[in-house]
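Given only the sequences and the hints, what does the whole structure look like? Please build it.
These protein sequence lines map, in sequence, to chains A and B. Sequential numbering from 1 applies to the first sequence in our numbering. Sequential numbering from 1 applies to the second sequence in our numbering.
Simulated from the structure, these hints should not be mistaken for laboratory data. A hint or two may mislead.
As the list claims (entries may be wrong) - What the simulated footprint calls covered on chain A by chain B, stretch by stretch (three residues with Cβ under 8 angstroms from a Cβ of chain B suffice, anywhere in the stretch; the number is not a length):
id, stretch
1, 12 to 24
2, 32 to 41
3, 65 to 79
4, 112 to 120
Stated by the list, open to error - Far from chain B by the CB rule (all over 12 angstroms, computed), these chain A residues:
id, residue
5, V57
6, T62
7, G89
8, K93
9, V94
10, L96
Since we're looking at a predicted model, the values are computed, not measured. From the three backbone atoms N, C-alpha and C, an ideal C-beta is built for every residue, glycine too.
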Amino acid sequence: MAERYSSFAPGGTTWLLQRITAAFLVVVLAFHFFLLHFVNHAADVTFMGTQARMENVGYFLTMVLFLIAGTFHGVNGVYNALVNQGLQGTQKKVVLAVLVIASVALIAQGTYVATVMAGWT
Amino acid sequence: MSQSYNRGLIEDFGRWKEFSAGMWAWIFHKFTGWMLIGYLFTHIAVLSSALTGPEAYTNTIQGLESLFIIRVLEVGLLAVAVFHILNGLRLLMVDLGIGLDTQDKSFYASLVLTAIITVASVPTFMDGVTI
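Right, dumping it as structure tokens:
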């Protein structure tokens, strides 16, 4: 019979989002690695090449969504790991606040960098 | 129908000798996850060199890529990412209740596939760099 074995409490919104972002990241992370290490060699990356990719609206949106999904998935994973480790009370609230601020800052910075890469600023 | 499964406290790493395949998968997934989110912050920091100007960006990327240690770390990153992806697919299957009886075998398969993909990628990752 099925035995549940997961770090996350099932049924919650973040539990579902962790899985939805996982399914998205599996595809886009593999695409990202393949594009920038096999199709284009990382050592040959130039600003012009990056701009040529990023000014494509579909690529830009995919990368921004990739950043948002990756940040949520990673930071939510870290938060859940710490909760599993026994984090609670005020410490738990402080850690959550720090992680949320770090996530928002990372997404804002990354999105700004992507618009600069695309030449839209 | 899901039931609770008492696997003891994995967070007590002193018990590592008693760990089963599924518990190792849990630890490896967590470890690779920490590395990937740490890398994401570093990645955005490096790419932010684009804010200084096109030349600064190109020089930063190509300067880093000319270093042997960076190439070695990239192979490590690939191994970590591939394992996290493959074991993540395994976890999605577990959540859907598919293949629960062979979850230990799928963990070993994740390790073997990760090793094969990583080794096969070494020539591409190390192309054009010397110690």
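Now for the hints, and whether the structure bears them out:
no.: 1; hint: 12 to 24; in the structure: holds (count 3)
no.: 2; hint: 32 to 41; in the structure: holds (count 4)
no.: 3; hint: 65 to 79; in the structure: holds (count 7)
no.: 4; hint: 112 to 120; in the structure: holds (count 4)
no.: 5; hint: V57; in the structure: holds, 18 angstroms
no.: 6; hint: T62; in the structure: holds, 16 angstroms
no.: 7; hint: G89; in the structure: holds, 18 angstroms
no.: 8; hint: K93; in the structure: holds, 20 angstroms
no.: 9; hint: V94; in the structure: holds, 19 angstroms
no.: 10; hint: L96; in the structure: holds, 15 angstroms
When each numbered hint is compared with the structure, no violation occurs for any of them.
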